[in-house]
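Visitor: Sequence:
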Amino acid sequence: MQNPPFFSFLVLRLVQLSVKYGACSHSAIGFAAYGFFLSGSANDIEGASNYGRLSIRLVEKFQAKEHTAKVHALVYGGIKPWVEILRASLKPLKDAHEIGMRCGDIQYALLCAMQYCSHAYQSGKKLETLESK
1 MQNPPFFSFL VLRLVQLSVK YGACSHSAIG FAAYGFFLSG SANDIEGASN YGRLSIRLVE
61 KFQAKEHTAK VHALVYGGIK PWVEILRASL KPLKDAHEIG MRCGDIQYAL LCAMQYCSHA
121 YQSGKKLETL ESK
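First residue of the sequence shown? That's 1 in the working numbering, and the numbers climb one at a time after it.
Any given hint could turn out to be false.
As a list, the in silico SDA-like pairs of lysine to any residue whose alpha-carbon atoms are at most 20 Å apart [stated by the list, open to error]:
#1 K94 with I45
#2 K125 with K65
#3 K94 with G124
#4 K91 with Q122
#5 K65 with P92
Simulated restraints, written as ranges between beta carbons of each label pair [said to hold, decoys possible]:
#6 G104 with P4: 20 to 30 Å
#7 G40 with Q122: 26 to 36 Å
#8 M114 with S8: 15 to 25 Å
#9 E128 with Q16: 46 to 56 Å
#10 G22 with T129: 37 to 47 Å
#11 L127 with G22: 37 to 47 Å
#12 G40 with Q107: 12 to 22 Å
#13 Q122 with E46: 16 to 26 Å
Please keep in mind that the hints were generated in silico from the structure rather than gathered at the bench. C-beta atoms are modelled at their ideal positions from N, C-alpha and C, and glycine is treated no differently.
Starting from the given sequences, assemble the full structure and let the hints guide the process.
Guide: Written as structure tokens, this is what we have:
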């Protein structure tokens, strides 16, 4: 990120517009990023978890497969590890990787794959079994 304050402004503006005018498929990214900020900077794990769940529901509601990898990377990579065991994030991250690759969101698909490998290893899976997946 070249300009973190500007990115923060964009996320907050997206959340503000979504609250004022209603949610759309892009709102899922804003709510997921806002939740990610809450889990780290503000140390508000409960609020972060709520925004993470909201963003997942929006992706499902709008059938926004093009946003799945981005939202899952933020939620299952940055929010859910604070409130759930790491193994719970494995299937969603693997699914998001596959969806992201099919949709052409290669950057976030690979981020989901990296998070999958990291969470799998940290939760006790052997590296040899990860290589074949």
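Visitor: A separate judgement is required for each hint: does it hold in the structure or not?
Guide: Right, here's what the structure says about each hint:
1. Between K94 and I45 the alpha-carbon distance is near 24 Å, which puts this suggested pair outside the 20 Å criterion.
2. Simply put, K125 and K65 have alpha-carbon atoms about 28 Å apart, too far for the 20 Å limit, and the pair is violated.
3. Only pairs whose Cα atoms come within 20 Å are accepted, and K94 paired with G124 is accepted, the gap being roughly 17 Å.
4. Under the criterion of a C-alpha separation no larger than 20 Å, the hint pairing K91 with Q122 is consistent with the structure, at around 15 Å.
5. Of the pairs offered as hints, the one joining K65 and P92 holds, with about 13 Å between alpha carbons and a cut-off of 20 Å not exceeded.
6. Between G104 and P4 the beta carbon distance is about 26 Å. The supplied range of 20 to 30 Å therefore holds.
7. For the pair G40 and Q122, the supplied restraint of 26 to 36 Å is violated, since their beta-carbon distance comes to about 18 Å.
8. At about 24 Å, the beta-carbon gap between M114 and S8 stays in the expected band of 15 to 25 Å.
9. The beta-carbon spacing between E128 and Q16, approximately 48 Å, falls within the hinted interval of 46 to 56 Å.
10. Between G22 and T129 the Cβ separation comes to about 44 Å, which falls inside the hinted range of 37 to 47 Å.
11. Checked against the hint of 37 to 47 Å, the pair L127 and G22 passes, with Cβ atoms roughly 46 Å apart.
12. Under the hint 12 to 22 Å, the C-beta atoms of G40 and Q107, about 20 Å apart, fit the expected range.
13. Between Q122 and E46 the beta carbon distance is about 23 Å. The supplied range of 16 to 26 Å therefore holds.
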